[in-house]
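Student: Residues per chain are reported as follows:
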Amino acid sequence: MLRIENLSAAYHGHPVLHGVSLEVKNGEVVALIGPNGAGKSTLIRAVSGVIPYTGQVRTNGDDFAALTPMQRARYIAVVPQAISLPPAFTVWETVLMGRTPYLGFLGHASEQDEELARRSLERVHALGLIDRRVGELSGGESQRVLLARALTQSTPILLLDEPTAHLDLQYQVSLLELVRDLARKDNLAVLVALHDLNLAARYADRIALLVGGVEKAVGTPNQVLRPELIEAAYCLPVHVVPHPFHEGPLVLPAERG
Amino acid sequence: MKRSVILSFIFLIFALLLSLAIGSVFLTPAELWDVLLGRGTSTATQIVWAIRLPRTVLIVLTGMALAGSGTAYQGLFRNSLADPFLIGVASGAGLGAVIAMSVKWPYSFWGLMAVPMASFAGALLTVFAVYLVARVGNTVPTTSLILAGVAISSFATSLTSFLMLRSTGEVRRALGWLLGGASQAGWTAILALLPYLVVGLGILLLSGHILNLLQFGDDQAQQLGLNVGRARTVVLAAASLSAAAAVAFSGIIGFIGLIVPHIIRLWVGGDYRRVMPLSILGGATALLLSDVLARVLLAPQELPVGIVTSLAGAPFFLWVLRRARNQGYW
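Listed in order, the protein sequences are those of chains X and D.
Position one of the first sequence corresponds to residue 13 (the numbering used here), numbered consecutively onward.
Position one of the second sequence corresponds to residue 811 (the numbering used here), numbered consecutively onward.
Please note that a few of the clues may not be correct.
Over the 12 Å line for every Cβ pair with chain X, so calculated as not near, a few chain D residues [said to hold, decoys possible]:
| hint | residue |
| --- | --- |
| 1 | A840 |
| 2 | G885 |
| 3 | L1016 |
| 4 | G1079 |
If you want the footprint, here are the derived chain D segments under chain X, 3+ residues with CB under 8 Å [stated by the list, open to error]:
| hint | region |
| --- | --- |
| 5 | 1025 to 1031 |
| 6 | 1035 to 1042 |
| 7 | 1080 to 1093 |
By construction, these hints were calculated from the structure, which means they are not laboratory data.
Keep in mind the model is a prediction, meaning the values are calculated, not measured.
For glycine and all other residues, C-beta sits at the position ideal for the given N, C-alpha and C.
Can you build the whole structure from these sequences, using the hints too?
Tutor: Printed below as a string of structure tokens:
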């Protein structure tokens, strides 16, 4: 379980997040939505300990602020946006780096570590990529490899920063299906920043709406994806209708005017 | 990995033998063999043990230090054009050394020990200055890295020249030294150099995994469990210590730290746990071969080895620069 309490963070002296509180239960996928600059990525960076924050991030009572980066990396794994991976590494080397929090500083991986890495690759259907260099991968393949690396970290909490950005439609869907599936089977607490409101509605159990670093709403897709909330957040009139094929809402932009 | 290490050792041994055999007096393989077995003529024995061996050892250590620190800077800056010479660290270390020498040219062992300390201080100051000037966010783009390196390097070089012009007598010897000649080498210099290199290169040899993680950027490295600030500081200090020790005893020798890691990466890929040890071995081999060339090109006159590495290194640098641009690195 991930519990964020009253978290505020600044970026180069400018406050970006203002007192965000959010809880992600085990086995649950929570989507973080909001317009560009709302603070979604900043929240993920703060929770993963990369930038300083005030407030608390904890799991089952343990406060992450007291942990070293290595200890924290045993609780929280992050799937970053798949930009600028160092091209010379192979997929295998990249995924094996997920074991870093459990290795000595020489980074020597045991057979069990290798087994875990192999299993993670299998679970994201990327075992066939094992000898490829990450510089040669497509966007969808890179994201699966980064997800495999995060799974190799064997953490109870998984954070994903816009994992579907730059992906074709079929990869967006298959990646999020995979993530939801992993949350259920491994009982992971998953927090995923998403651009696409309809993907959020379809794959998240709950949604948190951030606007200007302030949490405007948290709840089920039906509770958060309401026209008045979305219109205010995105400055765009929208229609919200029941999804014709799934449970939950469907957000459609309306004509301005 | 095993095969590449064995091959690297074979190259190194070949270069070592060449370095012992070639010079103003040429020794045939048979003569060299006799000397190594203790059966050689007294002249040949004298040449090998008293003149060529100390020089060869110093060249080996210098080559290791330059290539090791070059590899580390490239990893730390995530920029394949970082090299102790190009980013100005060598000039900074040279300035530190000349300041130490202009206070009093060190004759004693402890005096010799002080020169690398001053070099180290100069190297660290330079690398921090270059980093602060060239940094954009968390990365160091090639253009600003090279420009900052050139600017700070010129500044340090001017100060060094000024100090040398103002000085008399012994410090003038520093001039030949700064051009990268190792001809004043003796066992005392090697002993004085050794502690710095053992610490610097020892840490670098263990830093492969850290450098690997840093290639993914500071954010990801930290999210994978690395204490980024501390790791960077330790590796940066070790790289600067190695570079400073090399400069303190062999002068400013360019491009070894650039060329060797590049060739190694083309050979074995990007994993720094392989690239680092192989670069350190390769650095020794490359500098030995350059030094042999420096001895034979204008024989019986000897060229400073820095001239040879720059003659070979500058075109290589331009080639890498073109390649880097074509791949969209900057």
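Student: Now, for every hint given, state plainly whether the structure supports it.
Tutor: The hints, checked one at a time:
no.: 1; hint: A840; result: 44 Å, holds
no.: 2; hint: G885; result: 10 Å, violated
no.: 3; hint: L1016; result: 6 Å, violated
no.: 4; hint: G1079; result: 6 Å, violated
no.: 5; hint: 1025 to 1031; result: holds (count 6)
no.: 6; hint: 1035 to 1042; result: holds (count 4)
no.: 7; hint: 1080 to 1093; result: holds (count 3)
Hint violations for this structure: numbers 2, 3 and 4, all remaining hints satisfied.
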